[in-house]
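Numbering-wise (my numbering), the sequence shown opens with residue 295 and increments by one.
Please note that a few of the clues may not be correct.
Stated by the list, open to error - Cross-link-like lysine-lysine pairs, in silico, DSS-like; alpha carbons within 27 Å at most: (1) Lys-538 <-> Lys-553; (2) Lys-357 <-> Lys-455; (3) Lys-506 <-> Lys-538; (4) Lys-526 <-> Lys-538; (5) Lys-455 <-> Lys-431; (6) Lys-431 <-> Lys-366; (7) Lys-506 <-> Lys-452; (8) Lys-553 <-> Lys-506; (9) Lys-506 <-> Lys-526; (10) Lys-538 <-> Lys-450; (11) Lys-506 <-> Lys-431.
Worth flagging that the hints you see were computed from the coordinates, not collected in a lab.
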Amino acid sequence: MAGTIKPTVIVEDLAPHVALVRIERPEARNALDIPTRHALAEAFARLSVDPDVRVIVITGTGKAFAAGADLKDMAPRTSPEMIARRTHLHWQVIAQCPKPVIAAVNGFALGGGCELAMHADLILAAESAKFGQPEIKVGIMPGAGGTQRLVRAVGKFKAMKILLTGAIIDAAEADRIGLVTEVVPDAQLMDRARALAVELAMLPPIALAEIKDVVLHGEDLPLGAALALERKAFQLLFSTDDQKEGMGAFLDKRSPDFKGR
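Using the sequences and the hints, build the whole thing.
Below, the structure is given as structure tokens:
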């Protein structure tokens with residue numbers, strides 16, 4: 295009888311309209327091996343099209359968010375083998391998720407773990423969290439967006455220090471340079487993530503998706519093109535029921551009930 299393979303990614307209901315994606319490899323500090331990357335891509339692909347899910351929270355089990363890639367697996371690989379893995383397709387599913395994603399970083403977020411956190415739209419860091427791109431110390435470089443997302447998040451000169459030295463920074467430093475959204479006490483991390491996710495889930499889902507889409511696609515466009523993208527999205531929202539509900543509720547002095555239509 296074949297043994298049961300322990301799942302490395304768990305998807306749970308955190309609150310109404312909020313899904314929790316939890317990396318479940320505490321014995322390996324939630325290192326992102328190939329099965330785990332497959333599982334993350336499958337989870338995000340499913341949640342991206344689930345009409346009941348409006349917000350996604352991602353975290354890790356134990357004392358780490360995700361401590362990078364699985365070096366035991368990677369060490370003997372050749373360039374053709376790494377190319378054949380096409381791991382960028384796994385990351386692409388997460389990057390293209392249309393719904394707000396909150397990373398609740400509960401410990402080490404190193405290498406691929408830091409890159410995973412930077413795929414989120416908001417990063418909540420526990421006070422004990424650590425961030426870094428230490429790939430240089432093992433003879434390689436970030437390969438899942440670290441050199442690009444980190445520069446966009448904190449600027450060239452802060453990013454270059456982290457990338458070139460492999461330095462690991464604490465949550466306070468990450469907050470100071472703009473890498474995270476908030477820092478919270480360790481014991482309050484998931485409560486804060488849940489509260490923030492619930493706050494977002496009560497807002498109009500189509501408008502949330504449009505804001506995310508315009509921000510991500512507009513950041514690399516010339517300003518004029520980005521403003522045109524924003525303007526068209528703004529105008530299109532006037533064809534949604536949620537726009538009528540939101541403005542009607544405001545004028546009626548009542549709480550809105552957004553349906554995502």
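*asked:* Checking each numbered hint in turn, tell me which of them this model violates, lowest number first.
replied: Hints 10 and 11 contradicted; others consistent.
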